[in-house]
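Novice: First to last, the sequence lines map onto chains H and C.
In case it helps, the working numbering puts the first sequence at residues 1 to 694.
In case it helps, the working numbering puts the second sequence at residues 1001 to 1074.
The hints are simulated quantities; they were obtained by calculation from the structure and are not laboratory data.
Fair warning: there could be bad hints in the mix.
Each computed SDA-like pair below joins lysine to any residue, with the alpha-carbon atoms no more than 20 Å apart [stated by the list, open to error]:
hint	chain 1	residue 1	chain 2	residue 2
1	H	388	C	1046
2	H	487	C	1003
3	H	487	C	1073
4	C	1040	H	244
5	C	1038	H	388
6	H	388	C	1017
7	C	1068	H	258
8	H	244	C	1019
9	H	46	H	159
10	H	244	C	1017
11	C	1040	H	241
12	C	1038	H	258
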Amino acid sequence: MHSKSITIALAGNPNSGKSTIFNNLTGAHQHVGNYPGVTVEKKEGKLKFQGYVIKVVDLPGTYSLSAYSEDEIVARDFVIKERPDVIVHIIDSSNLERNLYLATQLMELEVPLVLAMNMSDVAERKGQTLDYKKLSQLLGTAIVSTVGNKNIGTKDLLESVVNMYEGKITTKEIHIDYGPEIREEMGKLEKIVKQDKSLIVRYPWRWLVVKMLENDQEVLGILSKYSISEEAIAQIEKSRHHLKLHFGDSPETIIADRRYGFISGACTESLEPSLEQRHDISDRIDKIVLNRVLGIPIFALVMYSIFKFTFTFSGPMVGWFEQIFEWLGQIAIRYMPEGLSQSFIVDGLIGGVGGVLGFFPLVLFMFLAIAFFEDSGYMARAAFVMDKLMSKFGLHGKSFLPMMISTNGCAVPGIMATRTLESKRDRLITMMVTPFMICGAKLPIFALFIGAFFPAEYGANIMFLMYLLSVAIAFTSAWLLKKIVFKGEPAHFVMELPPYRVPTIKGLLLKMWERGWMYLKKAGTIIILISIIIWAGFTFPKRGSEAGMSKEAAASAQMEQSFAGRVGKFVEPAVRPLGMDWRGGVALIAGVAAKEVVVSTLGTIYSLGEVDVEESSSLKAELQKDKFWNPLKAMAFLMFSLIYLPCFVTMAVFYRESGSRLKWLLFLIFWTTVIAWGAAFIVYQGGRLLGLGV
Amino acid sequence: MMRLSQARTKVNLIFTVAEGGQGIMQKLTDMGLIPGEKLKVLHNSGHGPVTVLIKGAKVALGHGIATKIIVREE
């Protein structure tokens, strides 16, 4: 038997059903990581077939292989550098011409290519018949028909891959004819690049030459490292100038035109009827969903249903998680001797990790609901509906999704969701404002203070006001960032609106799990470290216990003179203008570990010992009794909590996702602190001027 | 000749050129829009984004980019 392994790469347009095919091929044996140095997701999986171990790498979904987006560069670099044995190009058969554009570029990379004509059932239903044999001859590739969401054709596809690998399928190498003028210029460049053997061993010369004529910045960068660089650059300029004069258009436009011409030629010969309009049902749905009047209300309804779904179904599970951690804590208390190590395990480790894991079911259900609307095709429409409003504030239509995930959910997956934004500028602005949303962990703070200082009948209204405020702050902040830091306009909104589809259960569950796992990994690794640091900050230096002091009072006194307490005293002058004393300062500092810690820290300060975040009624009473607080101060405190520094996990993810540059993280810290301080100052001092709460 | 942002709903158009550099042209090329290509306006409210049909696929274009796309009626 063979024990050889084959590496295949899956390429394809977004919405071509690529991930469904990937799931069919690899099942649950998937691994999600990043391509080195960039924040582009890399999915890999393995399977066994006919004695081979087949490693499947899912390339980012792209429309072409130019150098205009990170995704495209990653996809083609993988093909060039890793040289997969076979590339499988997943094609939406019902949209053949546009999808084949990518195929023409894959052909130039000179790697064995298998085309998977996916969604062939949809194409057939439209009355299209495709002559596979003919198209395969015209393109010089193997072609297989698949229906991803019904798992049809998966075995054929694998057989084709193996046959291709074993050389059992002989394909003629096809080169697109770019016409005599371009051919001539290609010839000139060919002579130059072929002088350097080390260059053409690495890169297929024909691809190089075409990319040179297209003025591809990446390829120009590669050339600069080779001996022929100067000569090549001079010739590129000459050739491009010549072609521009000849065609009255840029060479890249002419080259694209020839590629599409080649495709359209191949399609007329193999496809019947050649081109047809589709989208009958989708059109009818879009008429309503994209309607000028109904668009935004429908969007709001969808968002509401996502929240409703998330909270209804995750509620019981969040409860179980809490019980599990409570139970773990009790076990540790029972079986460990009282002292430092017990406190470390119970308060530091279990408390900290439990705080993050407690949200896990919520995040998971939210991902499931979002995956449903993504896979059905609605999310593309939502971005479209929101784009007009968002672009006024310097955001992109797609920015709504990260902000939405963060609202009631968590900013960590929210920031990770900014990956769908193509331009760096749009991504950074969106990442900067996403933490302003009221995430699930901020909710307990709001519940506590609103419950303690405002009449119950206004509670819901004030909460609603806070949500509106968070959106307003995020938008204003985005607008300010656009005016001050990131000048220029958001990237152009160009987005395919795929036909509506019924999502597959398998696809939804895999997506949910994959993102959930990523969240756990990111949050889990750092939270343990941070929990330890925070715990140590409140525990050391140790204070000798005094006789006659209650346990709670001792805890409170310990806190006051711990490192954290001292820090609180230190920052007191800074927070005094906001109506806070050192206790507020400590709570807010601790809240950087995880926002719900603000509540438990206040609990410790008010000598309540362990305060359950969910049942803070006794703490509520303590706060009411304390002469220090009044509704105005509570409001200022809430304002500050709403806006200030995101939690550590969010900052860590922000750091990584913003390109691991300290500059942006420091800016985020500065930005959120300044805005939080300013807003709380206005509320408190403004309120005092108006004679409120004095 | 007119801008796509000014085109009426349901009209068949031919794409001529996009102003504003290679980045925009590249993006449109990727979606199948090259000079001379036909497109049909599916929906245009006049100030928001525009949806068009290109090579059988529905594509949404923001108002900003729609003002930079020059088209003529078929």
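Novice: If a hint holds in the structure, say so; if it does not, say that too.
Specialist: Going down the list of hints, with the structure as the test:
Annotation: proposed proximity of residue 388/H to residue 1046/C holds, straight-line Cα distance about 12 Å (limit 20 Å). A distance of roughly 26 Å separates the Cα atoms of residue 487/H and residue 1003/C; the hinted pair therefore is violated under the 20 Å criterion. Restraint check: the Cα-Cα separation between residue 487/H and residue 1073/C comes to about 36 Å, which exceeds 20 Å; the hinted pair is violated. A distance of roughly 29 Å separates the Cα atoms of residue 1040/C and residue 244/H; the hinted pair therefore is violated under the 20 Å criterion.
For the given pair, residue 1038/C sits about 26 Å from residue 388/H by alpha-carbon distance, which is inconsistent with the 20 Å threshold. Between residue 388/H and residue 1017/C, the direct Cα distance comes to roughly 24 Å. Violation of the 20 Å bound is thereby established for this hinted pair. For the given pair, residue 1068/C sits about 24 Å from residue 258/H by alpha-carbon distance, which is inconsistent with the 20 Å threshold. Using a Cα cut-off of 20 Å, the hinted pair residue 244/H and residue 1019/C holds, with the two alpha carbons roughly 17 Å apart.
Of the supplied pair hints, the one linking residue 46/H and residue 159/H holds, its CA atoms being roughly 16 Å apart against a limit of 20 Å. Between the alpha carbons of residue 244/H and residue 1017/C the distance comes to roughly 15 Å, so the proposed pair stays at or under 20 Å and holds. Between the alpha carbons of residue 1040/C and residue 241/H the distance comes to roughly 34 Å, so the proposed pair goes past 20 Å and is violated. Only pairs whose Cα atoms come within 20 Å are accepted, and residue 1038/C paired with residue 258/H is accepted, the gap being roughly 16 Å.
When held up to the earlier numbered hints, the structure conflicts with 2, 3, 4, 5, 6, 7, 11 and fits the remainder.
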